[in-house]
Amino acid sequence: MVGRRLFRTGWRHLTRHRWQSVLSILGITLGVAVVTAVDLANDSARRSFELSMAQITGRTTHQIVGGPTGISEQLYADLRIRQGLRTSAPVVEGLVRVRGETFTLLGLDPFAEKAFRPFLRTDEGDWVRKLLTRRDTLVVPAVTARRLGLAAGDRIEVEAEGRSSTLEVVAVVGEAGNAALDGLLLCDISTAQELLNRVGRLDRIDLILEEAAAPWSQRLPDGLRLVRPGVRTAAMAEMSEAFQTNLRAMSLLALLVGAFLIYNAMTFSVLQRRGLLGMLRVLGVTRGELFQLVLLEALVIGVLGTLLGIALGILLAGGLVTLVTRTINDLYFTLTVSELSITAGGLLTAATLGIVTTLAATLVPALEASRSSPLAVTHRSQIELQAHRTLPWLTTAGVAIMASGLLLARLPGPDLDLGFLALFLIIVGYALLVPLSVVVLSRLFIPVLKQGFGTVGRLAGRGIDAALSRTGLAVAALTLAIAATVGMGIMVSSFRATVADWLGQTLQGEIYVSIPHRASRRATAPLPAGLPQRLRSLPGVRELSMGRSVRVEAEGGMVNLLAIEMASASYRGFRFKGSTIPGLWQRFDDGEVLLASEPFAYHNQLKTGDQVALFTATGVKRFTIGGLFFDYGSDRGMLVLAAETYRAYWKDPAISTIGLYLDEGADIGTVLSAVRQAAGGLDERIRVRANREILQHSLEVFDRTFTITNILRLLVIGVAFVGILSALMALMLEWRREHAILRAIGLLPEQLLRLVILQTGSMGLMAGLLSLPLGWLMAEVLIDVINRRAFGWSIQHLLPVGILAEALLFSLTAALLAGLYPALRLMRTPPASALREE
Amino acid sequence: MLRLLFLLLLLVGCSPDPAPTGSTQITALLGDDAAEGFLRAYEPRSFVFPGDHGVHPGFRSEWWYITGNLDSAEGRRFGFQVTFFRFALSPPAAGNRASRWAFDHMWMAHVAVTDPRGNRHHAEERLAREALGLAGAEQNPFKVWLEGWSLTGTDNGFPWHLTLDGEEVGLQLSFSPLRAPVLQGREGLSQKGDEPGNASYYYSITRMQTRGVLTLGERRFEVGGLSWLDREWGTSALGGDQVGWDWFSLQLNDGTDLMYYRLRRRSGEPDPHSAGTLLFKNGEKRLLGPGDVRLEPEKWWTSPDDVRYPVSWQLTVRPLGRTFLVTGVIDAQEMDLSVVYWEGAVDVFSAGKVVGRGYLEMTGY
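Same order as they appear, the protein sequences are chains S and F.
Using this note's numbering, the first residue of the first sequence is number 1, and each one after it goes up by one.
Using this note's numbering, the first residue of the second sequence is number 1001, and each one after it goes up by one.
Treat the hints as calculated values from the structure; they're not laboratory data.
Where a beta carbon is used, it is the ideal one built from N, C-alpha and C, also for glycine.
Hints may contain errors.
Said to hold, decoys possible - Just some of the chain S residues that point at chain F, by a computed CB distance under 7 Å:
no.	residue
1	Arg80
2	Ile81
3	Gly84
4	Arg129
5	Ile189
6	Glu194
7	Asn197
8	Val199
9	Ala617
10	Thr618
11	Val620
12	Thr657
13	Tyr661
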């Protein structure tokens, strides 16, 4: 082990170079914080989902589920009376909004609940009678009541199916600490049916069956299926998994940038002390001890940074979990996370990651320290010479690593982790290429600098090349950090452009009519039956298309299905990937063929011509995939079927969207208000929107989804900024002596300031320039490998100039800012004292 | 008889004491603002059969209560109790609701079988709303049911058939009356408290020839014997002074049937509304008041929930000039269901000899 005295030298170094230490700690802190926050947010969302599913499921072992229209309530009565299936409970479930928040309203029959769930016991007081006999009552879990400040007797506005009703909270149930119940509201099944427009229907029947219930599923009417709730829960959880994996990967990127900062800082600190280290060797300190010394220093930084990072991460997670939850709510299912679940395991992972990353990043500098020669104090020039000598090796290694990364990225296959590994290799490989690029770039810069700034400019350029051991590193760290933000930026804006294009293409009609609903509903709310007729007769309306969005059961679980009756222009709304089967639309209309969206085909590994089996109301039916269309509406994918086919197999005549195609020259505004009038008279919940509005709204949802990405990007930028600051400041402090000499031999303070600014500016510019290809490459991998593997989407490749310019500007500004402090300090220090300090 | 209604209202009413364990469950459903909007029993009425066997939905509660002592072909004895309760949770609804699950009446059914040889008493319960055909009543022919459990009449009235398939017990029984319905209290108006309307309409068929099949676990028994039917409906709201009752329905071997309920006041005194009927073999009927009957507990049994019940009684009937010993065929016949009470088969002894059989119900201990 390292002796006490030796350790003290290390400690002194850390405390004397306070700025450097602080910045290294900050680097690790930010990296660990981001990882911790994302992990906690993800974990909390997952845990909260599982717990609330467990609460909703109760002791249910099986469920009877039906098609888009649910199950006839009479089936339940028959099961209980004729089949004597006693451990069964009817459930009507839907989403409602209270005070701007979405809740799952669970309609239950308290008389049947005893064996299933503990919420609605008939022995709890007078409120049960109110709940059972009054249509305007509900029960709120204690945790929710506390959060919303509700008590028994309060009345609340509940918005369901586009209508608002006032309900009385007749009781607060459950323990206040049971956060898993948050997001649930409970009421009698009759109330739920009426609020949710489900009169006559059940969403499922929960069962407790002792053994595998094969005979049961045989006895069920067509269109109904017996499933295990766990399977459904898992399938639901899977929906958001790719999203959460991506978040995690992004957070690891932040840590990777942090690692570079540590590497950078530790290398500097070793270089700074080369004299001292040589002396220590002369005094008998072994290589091993020096190696340990540096590692120990890093450990101090790593532990401090990690602890701070975890603390900061917990703080950040509070905000992040809201964003994660919102995205999950927007895209996947309803989830309320009212509690951050901080697990020892999660924190331990973050701590291990932080410390191991720090130590790993310190390995090379520590080795370098241990190689300090005892014979003579190594000269600066020697180090630089060595740095230049290792350049070919570094470059070769970089090329090899990057090539393997690129190769890996090209490997086909669905493995997301391999995709991330490829990305990682590309980044590391590229970072190794940076020093060479610095040499090349600085040589290119010199003439320009000389031209513009004379001798000072030339000095600045040469200095960068000459101090390659440091500058190479600093620029590499900056490059990496900026590239990460560039890559994410390009990916997001490409994605957004793709979605906007797709929306433009898909929304062929001018006006769309629907009843608002939430994404996780089994079926969208049906429009009044007489509506199409009315709309068709409006002046200016040329044609209608009609759609019914439902979720139906396929072999692998629920799938989104859109049944459409197309207008002549609707066909243009589909853009196909690859070829379609011959005679597509004819066979589509005949009912044997359906269309599958790209993500659906991807996740289920299907291609045009393959078969898809769906559970219809009349039994299992196989359809042929006629073509794969681009669709960004759902990352699990969807299927499209002719309306007539759907009606025949699912016995569901409802329609939930109408698209209006207007006559040439018809005024949208006029038709819009005519449609609003016609529809509003039938049902006040109907929403009429011009396609432009939908487009705008969809992009808003898109942007909201990517808020979290942008926040992570900002965090990475934060890490990057600290990186630039620490790298350049360290470098400038290191150069103090040289600068003092320059001052001593006649350089004016203003000239010195210019020199420093030029140097840091050049390095910032280099990093900015070098980050562009890497950023672009990362975006390519994110789009073609990561996104494809996670979601199955094809995304256009764009190269937004704005993001590139932003990156350059950012790196330049950060670099200049970083140079300012040391430069100002140098200007104020008399050269003699700077020289004496060494 | 009063039975559960009494217990329910007692608990719902002004009783300041915490309700006995488990008993609050159904009472909570009945509410305390209850009587308004329901019919009430103020005056004697004329009973018309078979119509009055059926449901009287204007009253808040109603039940069909059958108890009996049966013997299997191989000589094994059983006691059974089956009750269908109807409770209106709210007066007939003014507004009509779209959902078929909306309801006014809930039904509760209790079944218990006592197997003295196996020293077993098994009780089960079901609850359901009167909606979607899950539970309800029909006239012509008479039928009450709760899910798969049902009591049905035939076109001409009797025999009635009970079909009941529980977790542990099953009953397939037919009932044929050996006697005409006897109207309890004042021409069928059974007064429960001082306030007018705190009464119910109450009749019994004290002897019904019973045969059929009793299933206990896996075993099936051909059984026959005598049963007793109690029918009662009303909208009572009692004062809080009464804490429970001891109710006897005894069929003596000499052809005499005895019904007596003693209401217990908080002070321990019998309530003046305690009442009963003696029905002689020749059809002659004599009403009993609190002064006609003396009851002395002989033996106590403590239930697993630590409730002490007197499971053996000295019963002195002054008009008969006789004292009987009434003893549960086994001690453990507590109904540990939504409403907890003791209800069990009993033997009636006189001078050390068995002179009859019957059922005993005890609440409020």
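* Please flag the earlier hints that this structure goes against, numbers listed from lowest up. => When the structure is compared with the hints, numbers 7, 9, 10, 11, 12, 13 turn out to be violated.
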